[in-house]
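Chains as they are written, first to last, in this note's numbering: chain A, 7 to 120; chain B, 15 to 128.
Be careful, since some hints might not be right.
Said to hold, decoys possible - Which residues of chain A face chain B? A few of them, derived with a C-beta cut under 10 Å, are:
#1 33
#2 39
#3 49
#4 107
No lab work stands behind these hints: they were computed from the structure.
Computed from a predicted model, the values in this text were never measured in an experiment.
Note that beta-carbon positions come from the ideal geometry of N, C-alpha and C, so glycine has one too.
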Amino acid sequence: DSGVTQTPKHLITATGQRVTLRCSPRSGDLSVYWYQQSLDQGLQFLIQYYNGEERAKGNILERFSAQQFPDLHSELNLSSLELGDSALYFCASSVEGLRTDTQYFGPGTRLTVL
Amino acid sequence: AQSVTQPDIHITVSEGASLELRCNYSYGATPYLFWYVQSPGQGLQLLLKYFSGDTLVQGIKGFEAEFKRSQSSFNLRKPSVHWSDAAEYFCAVGEEKGAQKLVFGQGTRLTINP
């Protein structure tokens, strides 16, 4: 158990819908990362937050957005869902978001878009 | 841009045999390198990491990896595998500038024969 929690574990929804994935980082970690794992794209970095501020952006679609709240939990919002958005979404956290930090991954949320 | 190549998509070894998983990276400066393991239905767990210093890195669960700059490689090894090592293994490199995002290889799925 990494100490990073993600809810829900599974999510099944229809195209065009909007969903919110939630992540609670390890106690004491200030930085949160979101990754998408799909069969065709592999594991891809989406976005990073540090202490409530966006720090880095990766291949995140405009339909996707995220935020980190004052209590440091984070939410990833996916809207106008398409079939290709079906994937496993991981949240990770680290102490300060530095290159030398270890990123601890949560168990993931499996999103299925029908 | 950084990239990571794991040439072997799937490897099968017998229990008790030695293991080597290959990882090649493309990077301009001294890379920050990681190996993660993903068991079915689980998140990613860090096995080991290399930032600098001794090029042979020891990790958890009896794994080690050797950084070879001349070959741009960071291969993962274990002298004797156990059935519980069956999983997917990911090599990753940390982004060179700015915030810490990980660029992952495509992964190697390890199957253990009894």
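Ascending list of hint numbers which this structure does not respect: 1
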